[in-house]
Amino acid sequence: MSYKFIVRNPRGNHANGLVERLQALATRRPAAALAAVLGTGVVLGTGVGVAIGVASAQHTEARLADQQRELEQVKRQSQQEINALAARLGELQAQANRLNALGERLTEAGQLEDGEFDFQGTPGQGGAGIARDMPRDELVAGLDEVQQQFETSGRQLGVMESLLFDRQLENNTLPVRSPVRRSYITSSFGNRADPFGRGRQFHKGIDFDANVGDAVMSVADGVVSFAGSRSGYGMTIEVDHGNGYVTRYAHNSRLTVKAGDLVRAGEQVAKAGSTGRSTGAHVHFEVWENGRVVNPRKFLGDGRAPVAKRGRG
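Count the sequence shown with my numbering and you get residues 45 to 357, in order.
Watch out, some of these pointers could steer you wrong.
When the alpha-carbon atoms are kept at most 27 Å apart in a straight line, the in silico DSS-like pairs for lysine-lysine are as follows [claimed, not checked]:
1. K342 to K315
2. K248 to K315
3. K302 to K248
4. K119 to K248
5. K302 to K315
No wet-lab data here; the hints were simulated from the structure.
Owing to the predicted nature of the structure, the values given are computational and were not obtained by experimental measurement.
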């Protein structure tokens, strides 16, 4: 006994039926059959076009989203680079301010004329070349070079400041100033006629003209080693400047410092007068070097104090 299986395809039957109906319609009404075929194609084409359009729009949106993420990442990286350059700029500005302050101190310490070095102004520049955009790597390299120059200049100015400071300290301990402002020398160092008419006398210092009460100033930094009355000198101040130097200021009317006081160059130590062996108000000034009296004029040196030929004591 044999069996036969018959498999029916509904879709195939449906398609075959549709074809048969179209064939019959074409036989009876050719124009209507053509319109039906065209209508079916339009419907199918529209559906396919819509599907393609939707897919294209989704692809475009995905690309735009990717590009937006890439743009945000580039912006973040650019901002990070800008922040890093801003930090470098802040460091260079701080170094420039420090060098300007150091330069101003050196100008003052070196006693340079006002305006000889202007650390606040910007020096003029020029150039006839064509400007172009500066690459980032070139900008960073330029900042590195400027920073190295600042560091080198800072070290050099630091050494110069140290040398000038040491020299200033040394000068401040040397008796190189006048003990009285706007005065002149009335009696020089060495042998002279005794002002009291008793023959010849060796004068151990120089005398400066002064009025009673005029300020008598220390000629250098030091420590007051004596403040009181000495025979022949009257009211006397002595200042030890170190390095073997001692200065003496005599015939004062009043003393304004006491032994042990620290005094600076130009600081008042007494009031001028005529105490002790003296013929009138003046300031008697002596310099002692390693325990030996020396001519103060070798320290005043520049000869700015004029000399008048009369003796005081």
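Take a quick look at whether K248 and K315 sit within 27 Å of each other, Cα to Cα.
holds (21 Å)
Check the hint pairing K302 with K248 against an upper bound of 27 Å on the C-alpha distance.
This hinted pair holds, its Cα atoms lying about 24 Å apart.
Compare the distance between the alpha carbons of K119 and K248 with 27 Å, and conclude whether the hinted pair is satisfied.
violated (84 Å)
Check whether the Cα positions of K302 and K315 lie no farther apart than 27 Å.
Given pair K302, K315 holds - Cα atoms ~13 Å apart, limit 27 Å.
Straight-line alpha-carbon gap K342 to K315, limit 27 Å
Distance of about 25 Å is within 27 Å: holds.
The structure shown violates just one earlier hint, number 4.
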